[in-house]
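2 protein chains.
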Amino acid sequence: MNTLLTVGSVAFDQIETPYGKTDKILGGAGTFGALAASNFNITNNLVSVVGYDFPAEYLQLLKNHNVDISGIEQKEDEKTFFWAGKYHQNMNQRDTLVTELNSLANFVPKVPGHFKNPDVLMLGNLTPVVQRQVIEQMNVRPKIIAMDTMNFWMDTMLDELHKTISMVDVLLINDEETRQLSGEYFLPVAAKKVLQMGPKFVIVKKGEHGALIFSEDDVFAAPALPLDLVFDPTGAGDTFAGGFTGFLAQTMDFSFENMKNAVIVGSAMASFTVEKFGTEKIQHLTKDELFQRIELFKKLTSFELPKDVF
Amino acid sequence: MNTLLTVGSVAFDQIETPYGKTDKILGGAGTFGALAASNFNITNNLVSVVGYDFPAEYLQLLKNHNVDISGIEQKEDEKTFFWAGKYHQNMNQRDTLVTELNSLANFVPKVPGHFKNPDVLMLGNLTPVVQRQVIEQMNVRPKIIAMDTMNFWMDTMLDELHKTISMVDVLLINDEETRQLSGEYFLPVAAKKVLQMGPKFVIVKKGEHGALIFSEDDVFAAPALPLDLVFDPTGAGDTFAGGFTGFLAQTMDFSFENMKNAVIVGSAMASFTVEKFGTEKIQHLTKDELFQRIELFKKLTSFELPKDVF
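Just so you know, the protein sequences line up as chains A and B, in that order. Residue numbers for the first sequence follow our numbering, beginning at 1 and rising by one. Residue numbers for the second sequence follow our numbering, beginning at 311 and rising by one.
Here chain A stands alone, though its shape is the one from the complex (with noise of 0.2 Å):
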């Protein structure tokens, strides 16, 4: 089997939204990453650091879902990454309450001798340099590396950033982020700037927008679903990005058709995870949802407009 390998944070998430508030519950971005790739037949590492509070019970949910957490890191002296945020009804805004780094402060990613030699490497949004002491720790490079990050990186160590970006084939940012990184408004111009930093393909997320994915000599504009309530947008774009290197990590075709078809599987488990609070979602998902999900993508957008109409 091939294997992806996913580094990103196991965290603890609160959130509240204009339909109900949580305690406490399993999030993080390679939790969402790893859970959405366990839907494919792949090998599903994951490096990651939790505290000594991270309950066995969310260990063994990653397991059960054929995750191997030989690579996540348990400190006995630090707690697990937490963060509180609120939604407002436009789901697009959200204010933090609360972000205690702990074990996630001081991270250094340590990839186990099996986890060494991945086909797919995902690179969930952490520090640059923590991101490329991942890939520098590869036996081979791997035959595609993602990433994601965030406009914090951009504001604080854009050199840093930089460096990082440069060794990647694919980035995932959104359209903020995007104009934000390369100095340009329009997106398509935006996006030959992110491509000329190093990366083949550059993946804009645009939330309820859909998402454009960008090469050098093409474009595809995957639609989002319109849905009859957002419940929960905690951890789309990490689900996305599971998704997305799930299926690449299956199919290991790197063309732009099949980084079409990533996307849209990438929305599709995308479009779960937003209807339940956190992983509640996408950790249930059956192939047949997710079968069903994708032809309605397709209904979404496809149209026959006949040539000899005008």
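Warning: the hint list may mix true and false statements.
[Stated by the list, open to error] Derived Cβ-Cβ restraints for the label pairs, each shown as a range:
id, chain 1, residue 1, chain 2, residue 2, range
1, B, P328, A, M150, 36 to 42 Å
2, B, N416, A, V189, 34 to 40 Å
3, B, N416, A, M154, 50 to 56 Å
4, A, T99, B, M562, 55 to 61 Å
5, B, L468, A, S166, 52 to 58 Å
6, B, M448, A, E304, 48 to 54 Å
7, A, P112, B, L606, 30 to 36 Å
8, A, S166, B, T409, 46 to 52 Å
9, A, M150, B, K502, 31 to 37 Å
10, B, M507, A, M138, 38 to 44 Å
11, B, L468, A, Y185, 33 to 39 Å
What the hints contain is simulated information worked out from the structure, not anything from laboratory work. A virtual CB, placed ideally from N, CA and C, is assigned to each residue, including glycine.
The hints should help you fit chain B onto chain A, whose structure is shown.
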């Protein structure tokens, strides 16, 4: 030939964008709509009003595009509607610098006798009372009536607006207006509420994010073409409406499948309008250009995800 009747402003625009500035140029919803619709093999009728200062050459331009302008009243004692606006880098935001209603202020549309049996009626964004006055002048109800509107009428004459909306088949509004009109945030729920007001189809325009079309049972997402430069967005929505209704008038197929096509055609035409100031691009559009752009729209969203991949 099937007949489209468009009612909408014929006006002067003065536009400033980050890329340049115009003098008073030809504008107005009726102008953009009729020019877009002139790409179809239909009888293309326009009802509007202008002032004594409106140049004969602009009327001639419409005539040269086979627009029947006998429904354009020219007031001898009033000036033409004039709008001046300034766009910022984010082309979704604009400041209105001048609005002189002039001849449009007391516009009572007079539909010429040979205009009173259209197959398709497009009501541009005017007061809901004027829109209804047009409907009431028809000899028989058109097979399809589409209308544009805006938040201003929701703020100032909601009851009149509801009356007019209840009489039409297709409502074209943007996402924020859909939310305002329905009181619902999530678009599928909002659209469902708007459909209960009378229309069979709601088209939700999202600018750079494309458009959605909702019927009771279906939804379709048309992408917007990612453009290297939006030079001037003025008239994009009106071009969309003209392309949409012109296509429907030619094909006379009001199934959801063909509504999808109409939305794509409208989107493709609008993507030309924004490339230059005012009507400059849409008035010189060739069928070859249009074909090629529609192919781009197909390429932009089509994918062939194999079913046996999981």
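- Item | Earlier hints that do not hold, by number | Hints 1, 2, 6, 7, 10 not satisfied by this model.
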